[in-house]
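Asks: Residue strings, one per chain:
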Amino acid sequence: MNICVCVGSSCHLKGSYNIIALMKSAIAEHQLEDKVNLCAAFCLGKCSTVGVNIKIDDEIVTGVTPENFNQVFEEKVLGGLAK
Amino acid sequence: MNNLWTDFGYISLNHVGEQLCGDRVEIIGDNENSMTMVLADGLGSGVKANILSTLTSKIICTMMANGMPIEECVDTIVKTLPVCSVRKVAYSTFTIIRITNNSVAEIIQFDNPNVILLRGGKSVEYPIISRVIEGKTILESKISLQLHDVFIAMSDGAIYAGVGKSMNFGWQRENIIEFAERVYDDTLSAKLISSLIVDECNKLYEGEPGDDTTVAAVRIRERAPVNLLFGPPADPKDCTKMMTLFFSKEGKKIVCGGTTSKIAADYLHEPITTSLDYGSDPDIPPVGHVKGIDLVTEGVITMSRVVQYAKEFLNNSDLQNMWSLQTDGASLIAQMLFEYATDINFFVGKAINPAHQNPDLPITFGIKIQIVHELTDCLEKMGKQVKVSYF
Chain R
156 MNICVCVGSS
166 CHLKGSYNII
176 ALMKSAIAEH
186 QLEDKVNLCA
196 AFCLGKCSTV
206 GVNIKIDDEI
216 VTGVTPENFN
226 QVFEEKVLGG
236 LAK
Chain F
4 MNNLWTDFGY
14 ISLNHVGEQL
24 CGDRVEIIGD
34 NENSMTMVLA
44 DGLGSGVKAN
54 ILSTLTSKII
64 CTMMANGMPI
74 EECVDTIVKT
84 LPVCSVRKVA
94 YSTFTIIRIT
104 NNSVAEIIQF
114 DNPNVILLRG
124 GKSVEYPIIS
134 RVIEGKTILE
144 SKISLQLHDV
154 FIAMSDGAIY
164 AGVGKSMNFG
174 WQRENIIEFA
184 ERVYDDTLSA
194 KLISSLIVDE
204 CNKLYEGEPG
214 DDTTVAAVRI
224 RERAPVNLLF
234 GPPADPKDCT
244 KMMTLFFSKE
254 GKKIVCGGTT
264 SKIAADYLHE
274 PITTSLDYGS
284 DPDIPPVGHV
294 KGIDLVTEGV
304 ITMSRVVQYA
314 KEFLNNSDLQ
324 NMWSLQTDGA
334 SLIAQMLFEY
344 ATDINFFVGK
354 AINPAHQNPD
364 LPITFGIKIQ
374 IVHELTDCLE
384 KMGKQVKVSY
394 F
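Protein chains in written order, with the numbering used here: chain R, 156 to 238; chain F, 4 to 394.
Honestly, I wouldn't trust all of these hints.
Unchecked claim - Here are the computed lysine to aspartate or glutamate pairs in the EDC-like style, where the Cα-Cα straight-line distance is at most 20 Å:
id, chain 1, residue 1, chain 2, residue 2
1, F, LYS255, F, GLU225
2, R, LYS238, R, GLU214
3, F, LYS255, F, ASP269
4, R, LYS210, F, ASP78
5, F, LYS82, F, GLU137
6, F, LYS265, R, GLU222
7, R, LYS179, F, GLU75
8, F, LYS139, F, GLU75
9, R, LYS179, F, ASP269
10, F, LYS139, F, ASP78
11, F, LYS265, R, ASP189
12, F, LYS294, F, ASP280
13, R, LYS179, F, ASP284
Unchecked claim - Stretch by stretch, here's where chain R covers chain F in the computed footprint (C-beta under 8 Å, at least three residues):
id, region
14, 175-189
15, 261-269
16, 275-282
Hint data in this document are derived by calculation from the structure and do not stem from the laboratory. From the three backbone atoms N, C-alpha and C, an ideal C-beta is built for every residue, glycine too.
Turn these sequences into a full structure, and let the hints guide you.
Replies: If you want it as structure tokens, here you go:
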């Protein structure tokens, strides 16, 4: 699974740095290093008002914040891997 | 025209307890024709010295730049400077270095420590003719330039550094030559050479300079063009034209902006890889890599920081530049533009990013154009040749 966190201007201002840090620790916590490839991406073209955009394989998930991070991670990452 | 370029740089330390510097460096002219640098050291320290040296350097610079002979400049200075009520003299020493067509240097010196010439990193003697104008002994030299020649001018504060503190007689001109030869490297900018020497003086003064201390360096280097692409063109149909022009330019290539780098990468048929590494500064988005482009960064946030670094650099207050050591996108751009480049070509796209058209976002089209204006202004003040093309 490829996860790209947007580090474009808009997402950067809304906390890409924190989301990348959370993502790194969540991947380590679930020992998914072999299954998940984490990378950064320039603007995904979906700049929104709240949160950071991430791309999980071909799906773009918008508005990821530290508050909803765990929910997104469980649903999209763990859920996606379980399929 | 040859392929040489003149790089100027200087830095001053104030007499301990003074807010104004009694030394003054003025630079005028453009690199294509002739550049004149004047270092003036006003009598005493503080306000009076500052006024004397400012008047001296400004008057000489303006007159020399307009082709007036040195006799007239000196005559004007002698007749214009206000007379000090305590010492009953109007006095400011000066050093003039004029570089013409990047091929000949003329040096005119009055009472400052003699200019040091480093050729290939070693100090060499140069012919000096002395003559008396208005009762003052003026030293004149004319030197044909070679690549990597470095001229180091200084106020007498530099050679008195350490008097009565870490040394009995200060460090002499010979010691400064030794020090300069030891630290010399072809890649050191004029500003860095000056900073290194002034730092050493400050150390000898134990952080409390007993006199205003200024070192100004002039360095002859090769021209180095850098091209910077910032933003996609207003009309998407112009993409190919913009990319063709950009990539056909000689020199280093920097691409700023996410969408912009995608367009550039598509043009080159190369993938973009974006690093997750924030370097030393989490405020600046990570850089990307595209084969065939020297540096790929995010746009407005990175460039805003570059403008900030440029302003601090010009303020001359930063002895240790943060950006010269860091590896984030903004610092890398600063290193390339401020230190490496002599000629800079900006390719600015005026497209409005639809994703940024949200009143809640602090990014607007206006910021981009403003950044380009401010940065151009700063780079020109650093003596760079800047061209901006809009698409």
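Asks: What hints, given by number in increasing order, does this structure fail?
Replies: Structure breaks hints 4, 6, 7, 9, 11 and 14.
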